[in-house]
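There are 2 protein chains.
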Amino acid sequence: MKLFGYWRSSAAYRVRIALALKGIAYQAVPVSLPAHEQASPGYTALNPQALVPLLIDDAGNRISQSLAIIEYLDETHPAVSLLPADPAGRARVRAFALAIACDTHPLNNLRVLEYLQGPLAVGDEARLAWIRHWLAQGLSALEATLAGMPQPQAFAFGATPSLAECCLIPQLYNARRFGADLAPYPRLRAIEEAALALPAFDAARPERQTDAPPDVRTTP
Amino acid sequence: MKLFGYWRSSAAYRVRIALALKGIAYQAVPVSLPAHEQASPGYTALNPQALVPLLIDDAGNRISQSLAIIEYLDETHPAVSLLPADPAGRARVRAFALAIACDTHPLNNLRVLEYLQGPLAVGDEARLAWIRHWLAQGLSALEATLAGMPQPQAFAFGATPSLAECCLIPQLYNARRFGADLAPYPRLRAIEEAALALPAFDAARPERQTDAPPDVRTTP
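In order, the protein sequences belong to chains R and S. For the first sequence, the UniProt record's numbering assigns the number 1 to the initial residue and increments by one for each residue that follows. For the second sequence, the UniProt record's numbering assigns the number 1 to the initial residue and increments by one for each residue that follows.
Hints listed in this document are in silico derivations from the structure and should not be mistaken for laboratory results. Careful: at least some of the hints might be erroneous.
Stated by the list, open to error - Under the rule of at most 25 angstroms between Cα atoms (straight-line distance), these lysine to any residue pairs were calculated in the SDA-like manner:
no., chain 1, residue 1, chain 2, residue 2
1, S, K2, R, P84
2, S, K22, S, L110
3, R, K22, S, A85
4, S, K2, R, G60
5, R, K22, S, P84
6, S, K2, R, P48
7, S, K2, R, G148
8, S, K22, R, D86
9, R, K2, S, P87
10, R, K2, S, T210
11, S, K2, S, T145
12, R, K22, R, G60
13, R, K2, R, P48
14, R, K2, S, K22
15, S, K22, R, P214
16, S, K22, S, P184
17, S, K2, R, A197
18, R, K2, S, E125
19, R, K2, R, M149
20, S, K2, S, A85
21, R, K22, R, P214
22, R, K2, R, G148
23, S, K2, S, Q27
A quick note: this is a predicted structure, and the numbers were derived from the prediction, not measured.
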């Protein structure tokens, strides 16, 4: 199994967590986003969307979109499940993940920030305000969603991590990277702390990846 | 079953299509986005994300996020299925839907356009260029994805509509609204024509909804 990704891509990070939680061995294929390797003809022939991640499994199936990949892994490697068994529970976990994947992350990814800086000529300060605005919108809704739930457990929706943490932990990494104030989100930070204490989440960290620059790279 | 939505919301439109395809009766509860009713305390108590759609089913389950709602409906009302049976097929349909829901639609929804116009003081022309840029990025990737598939059938992934069309038809409605050039996407337009010929897609159209303004509202 091959995973095309980039060490700091939030969407690739989600899939790395899922693979690690399920104990699936894979070959990491780095695609440098700052060098725009994702827009090369070789890569767009594999993924016309010109985005990472992309999974190619041993049967040759090419699957794009982090959430589609994780659902696929959950259906084909069900021993460690990332979704609850009941439809309403599954819906709640998916809605939490989609609130990140649809309404928070896409507004702050590299191609959007490049468009703000380029065609719209938005200055650095206004660009940082944009980033933090959408982070605050997204994270405060997630915190409020969890605050409305009874009896907090270690993770967002139970005693074990789910698709929710596959999305939340990379989003919080991203928020820290842009200097967002995380003080208003104690529940999210508690979940992050519990997750990062697990070897699977640790192995998936950006700074553990082989394509991380030497000055940030760490080994366990 | 109640669906909180807005006639012109692309995300609510997706769920209306799924409900109509499955023949599920529901009560439409209009939430006016231009009047910011989605940010009222009454509504955010139901959905902290302050977005439509929101489904409340007869058991009282509150489910947000259009794709989570459609997956929930697919699991609880499986007679008309919106996903293929095999995991790789399901992954391809989900990836197509997510390419719209994560990477195309969120960049052009109302709250983003308001932020461009307000804090960033982006003029009308540059704002329209932004909208059309992300539409072209998204739609051309979808067209390329389908062009790479053998033997086109009536719909994106087979002889019957799926989650792919639940997302594609509203996205094309949105593209027309902003005057995007759809000439480069013949396959997408053929799918749209096939879909809109079906009563379920017709019933879900924005202009068929009770909260559409009288001057655009039409009846079948």
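We went through each hint and held it up to the structure:
no.	hint	in the structure
1	S:K2 - R:P84	holds, 24 angstroms
2	S:K22 - S:L110	violated, 29 angstroms
3	R:K22 - S:A85	holds, 22 angstroms
4	S:K2 - R:G60	violated, 42 angstroms
5	R:K22 - S:P84	holds, 24 angstroms
6	S:K2 - R:P48	violated, 37 angstroms
7	S:K2 - R:G148	holds, 21 angstroms
8	S:K22 - R:D86	holds, 20 angstroms
9	R:K2 - S:P87	holds, 17 angstroms
10	R:K2 - S:T210	violated, 49 angstroms
11	S:K2 - S:T145	violated, 35 angstroms
12	R:K22 - R:G60	holds, 20 angstroms
13	R:K2 - R:P48	holds, 17 angstroms
14	R:K2 - S:K22	violated, 37 angstroms
15	S:K22 - R:P214	violated, 53 angstroms
16	S:K22 - S:P184	violated, 32 angstroms
17	S:K2 - R:A197	violated, 41 angstroms
18	R:K2 - S:E125	violated, 43 angstroms
19	R:K2 - R:M149	violated, 38 angstroms
20	S:K2 - S:A85	violated, 28 angstroms
21	R:K22 - R:P214	violated, 28 angstroms
22	R:K2 - R:G148	violated, 39 angstroms
23	S:K2 - S:Q27	holds, 5 angstroms
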